[in-house]
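Starting from two chains that each stand alone, build the complex the way the hints lay out.
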Amino acid sequence: MSLYAVEVEDLHLRIKGVEILRGVTLRVRRNTLFVLMGPSGSGKSTFLRTLNRLIDFVDGVELSGLVKVLGQDIYSVDPYDLRRRVVLVSQEPNPFPHMTIYDNVALPARLNKIVRTKRELDDLVRWALEKVMLWEEVKDRLKSYPHALSGGQRQRLCLARALAAKPEILLLDEPTANIDPVNTIKIEESLKSLRDEVTVIMVTHMPHQAVRVADHVALLHSGVIVEEGPAMEVFMSPKKEVTNEFLRGAL
Amino acid sequence: MYRSMTSRKVRNYIMVIVMVAVSFLYVTPLISIIYTAVERGGAVLVETGLKFLTDLPPTPLSTSVGGIAPALIGSLLASALAILITTPIAFLMAFYVTEFPRHSLSRVCEVVVRAFSGVPSIVVSMFIYSTVVMSMGTQSLLAGSLALAIVTLPYTYVYFTSAFRSIPESLREAAMSLGMNRVRALIHVYVGVLRRSLLTGLLMSYVRAFGDTAPLLFTMGFLMNAVFAGVLQQSNAVPLMIFVYALSPYENFHRVAWGATLVLLIIYLALFTVSRVLVRGVKL
Numbered sequence: 001m002s003l004y005a006v007e008v009e010d011l012h013l014r015i016k017g018v019e020i021l022r023g024v025t026l027r028v029r030r031n032t033l034f035v036l037m038g039p040s041g042s043g044k045s046t047f048l049r050t051l052n053r054l055i056d057f058v059d060g061v062e063l064s065g066l067v068k069v070l071g072q073d074i075y076s077v078d079p080y081d082l083r084r085r086v087v088l089v090s091q092e093p094n095p096f097p098h099m100t101i102y103d104n105v106a107l108p109a110r111l112n113k114i115v116r117t118k119r120e121l122d123d124l125v126r127w128a129l130e131k132v133m134l135w136e137e138v139k140d141r142l143k144s145y146p147h148a149l150s151g152g153q154r155q156r157l158c159l160a161r162a163l164a165a166k167p168e169i170l171l172l173d174e175p176t177a178n179i180d181p182v183n184t185i186k187i188e189e190s191l192k193s194l195r196d197e198v199t200v201i202m203v204t205h206m207p208h209q210a211v212r213v214a215d216h217v218a219l220l221h222s223g224v225i226v227e228e229g230p231a232m233e234v235f236m237s238p239k240k241e242v243t244n245e246f247l248r249g250a251l
Numbered sequence: 001m002y003r004s005m006t007s008r009k010v011r012n013y014i015m016v017i018v019m020v021a022v023s024f025l026y027v028t029p030l031i032s033i034i035y036t037a038v039e040r041g042g043a044v045l046v047e048t049g050l051k052f053l054t055d056l057p058p059t060p061l062s063t064s065v066g067g068i069a070p071a072l073i074g075s076l077l078a079s080a081l082a083i084l085i086t087t088p089i090a091f092l093m094a095f096y097v098t099e100f101p102r103h104s105l106s107r108v109c110e111v112v113v114r115a116f117s118g119v120p121s122i123v124v125s126m127f128i129y130s131t132v133v134m135s136m137g138t139q140s141l142l143a144g145s146l147a148l149a150i151v152t153l154p155y156t157y158v159y160f161t162s163a164f165r166s167i168p169e170s171l172r173e174a175a176m177s178l179g180m181n182r183v184r185a186l187i188h189v190y191v192g193v194l195r196r197s198l199l200t201g202l203l204m205s206y207v208r209a210f211g212d213t214a215p216l217l218f219t220m221g222f223l224m225n226a227v228f229a230g231v232l233q234q235s236n237a238v239p240l241m242i243f244v245y246a247l248s249p250y251e252n253f254h255r256v257a258w259g260a261t262l263v264l265l266i267i268y269l270a271l272f273t274v275s276r277v278l279v280r281g282v283k284l
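Residue numbers (our numbering), protein chains in the order written: chain L, 1 to 251; chain W, 1 to 284.
Bear in mind the hints are in silico, worked out from the structure with no lab data behind them.
Here the structure is a predicted model, which means the values were calculated and not measured.
Hints are not guaranteed to be accurate.
Unchecked claim - Reference excerpt, derived from the structure (chain W facing chain L, CB under 8 Å, subset only): (1) Pro120; (2) Ser166; (3) Ser170; (4) Leu171; (5) Glu173; (6) Ala174; (7) Leu178; (8) Gly179; (9) Met180; (10) Asn181; (11) Val183; (12) Arg184; (13) His188; (14) Val189; (15) Val193.
Claimed, not checked - To give an idea of the chain L side of the interface with chain W (calculated C-beta under 7 Å), a few residues: (16) Leu88; (17) Phe96; (18) Ile114; (19) Gly151.
Positions of the beta carbon are idealized from the N, C-alpha and C atoms, including for glycine.
So here's chain W without its partners, still in its complex pose (with noise of 0.2 Å):
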């Protein structure tokens, strides 16, 4: 008995320092990631201020650092077009098949949202640069929003299906005893009950379309003197900035590149904690 006690005590002891050893191992190159990018991210904020935010790029030769004015503006309008795009859809896809789950329709759209989860976002890339760019004749910034909208499909979709999935039955039941058809249920009770679900779901896209490259590298371009050209020209963003920079030769280029990879944590974390706020505030 004293023997077979000890001996577990010895194997949970074990157990213990492997977890502890497995989860070090897993946060170790995270915690590496963020403190390069602030140490190194951070002296180039520091030196520049705001005025990163708000400037144009260097030229490759030059001593400033500049800013990554078009990036930043190129990513916040592309993720918000995106997830416009998006929203209605997967919205509206999420309540038929939470309302109708057997409906060979809901079947249809379950096989079409896995389908686009399935698809590496290079290959979204590349598909809309040869319909939406090569018919335009130029990338833009609506190339990369449709571009992002087909890649943030499936996590929108996923993130409202599991909230029309959470609304208690009780609430189901009181909505339509009292005459309300479903689209009624939907509008009065449904969106009400869920708006912070909902919303949380819509952060977590725009986080999602604001920190992907691959489908941007043949559909946005790459703006480097002006802010913002318009929806239909050449646009810029963070992350595509980041990949481009980080692989130039230009010493300038690469400070440019930290710089904009804390800005990108930065507001990554940003909207990532709003979201958390929100769903802790969830009471149904």
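Excised from the complex, chain L in its bound form (with noise of 0.2 Å):
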């Protein structure tokens, strides 16, 4: 078993003629919190569902270089079995509004058959709310449709939803833009607690939020990965001007 969840090498990446990742390339260890920062626009989201191969559904791409996750080169293995593995969340919050609070968790666990039983399932729904702290606030309602929840709430509950597909790889797209401060500290209160299950890289161009719960980070800018290494080390001496400018904020 590859001791990377993902190793990216070269990786050029155009949208109809546009080139948005320009040479990338990256690693990340199984079982860290990988924080890709950089600015807006910078390419963050693109390289994030290239990963999960969800760019196929974007036209006009056009990819050279080698993406591998798992140990695997992504364009080797089924796209479906590839993004059961590694699910991402948004940075909108997207629960399924015809479903239940209970259902939206249940969805990937039923159709990926991760359990067998209705207890099993019923564990592991309260097992992905009580991950993402929604457990105590729905607990009462489980029957209730998520238009019911707040902002931040709804997208803990999409947190939750991913987790009970079992990913190896859980990508977050921003996950806390366009929510609260306290439901933004629940959310990387829960990702600190997922690290020993599950391989989490998360993209923000917020640096503040990187210092909080990266364990490794890179940047990434006008599509091209500026510096990487573990988060401290970045944090505290930054090599190039460019990462510098980045945490002051005058990027």
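See the structure below:
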């Protein structure tokens, strides 16, 4: 088994002729909380969607280079199987509005046949909701619909839904960008507690968030990895001026 | 400055008056039709009560009005059968075209549906007559349903396509990022999210089929002596009955036609209202 959850070598990606990623080379160790930082428009979300091939749904994509996830070239495996193992949580909370809170979390487990009995499913739903610190808030209204929840609660519900799929890698695309500080802290606490169970790759444009949660960070700027390394090392003594500027909020 | 303000106000008043007048001209015939149908048809319904819906039609010289049972049952069944035929085809086509908009098969689907929507419904009636009716040797409820299915297909397709296109991109991404393939996303997410829109599309298509006359002219037959004779036998339809009876020389047939017109109007308004209520309930 590879030591790395993700290995990317010289990844170039163009969308309709516009080069978004320009020779990205990156490795993410298993069971770490990896934060990909960068200003808006640097290609972070595109990179994230490349890892589980959600980028395939975008028109006009041209890609070159090697992307290995969990030791396998992503273009040598079934994309649906890949997405079951590498689940993405988007920036915008997107629970399924026609399903109850319980069914939202239970759906991936049902589809992927992760559990066999109703009891196991109940336990899994509870585990996922507890992991995102939502259980206490919704345990009496599991049959309610997500529109009854606040934006932050909905985002945590989406995170619980992703966890219930039992992924090996969790991709988070600025998961706290649209929610309040209290919910942001809860999500960050949840992420820290997930380290031992899943590899988390999160993108953010907020350096202070990376400081709070990351084990390992990389800075993506204009489609290029400018600097990467253990979080404390990069934050305490950045080697590149661009990193310094980003951390100061000047980028 | 003062002069230009006054001139603007005058032009505004003139335009408001013109728009009200045009709206009035547009709505007046509609109100007139509804008023006449309620006045004349209402008298028939009051006189006969529910028997108008359950009795057989009158003979030309009888004094009673009778009922429209064969036409009502024929319309309900033929429209339902047409929707049953149309729905899976329109549903799959709409899903395919929305999911693979640039695929050549999608373009073929679009062209076929556009071509179908442009064909006059009387031509559809003749086509079904020359293929189905001639080979079966009789007009039938099935032939009428097939003609209605061809006519309603573009409408159902358009409703379904716009429903599928209304799915927020964030929900598509959520489904895909959990590892669902397109069919699983359709079954577990899209149908659930769009259930009201899809149901509205079905109802509107049913309404369209229920009120159409021309596709049935050569296909349905004109059953009068029984409420229902079988799917492969002649049947009748409310619009067809109105058309035939309104042109007849008999006074009691005219009264039946007015009564049937009011029944058709009530059913249309009821289905239309239900579909509007459903649309209002759609929350994404």
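To see whether the hints hold, each was checked on the structure:
| no. | hint | in the structure |
| --- | --- | --- |
| 1 | Pro120 | violated (38 Å) |
| 2 | Ser166 | violated (13 Å) |
| 3 | Ser170 | holds (4 Å) |
| 4 | Leu171 | holds (6 Å) |
| 5 | Glu173 | holds (6 Å) |
| 6 | Ala174 | holds (4 Å) |
| 7 | Leu178 | holds (5 Å) |
| 8 | Gly179 | holds (3 Å) |
| 9 | Met180 | holds (7 Å) |
| 10 | Asn181 | holds (5 Å) |
| 11 | Val183 | violated (11 Å) |
| 12 | Arg184 | holds (6 Å) |
| 13 | His188 | holds (7 Å) |
| 14 | Val189 | holds (6 Å) |
| 15 | Val193 | holds (5 Å) |
| 16 | Leu88 | holds (4 Å) |
| 17 | Phe96 | holds (6 Å) |
| 18 | Ile114 | violated (11 Å) |
| 19 | Gly151 | violated (13 Å) |
Comparing the model with each numbered hint stated earlier shows that hints 1, 2, 11, 18, 19 do not hold.
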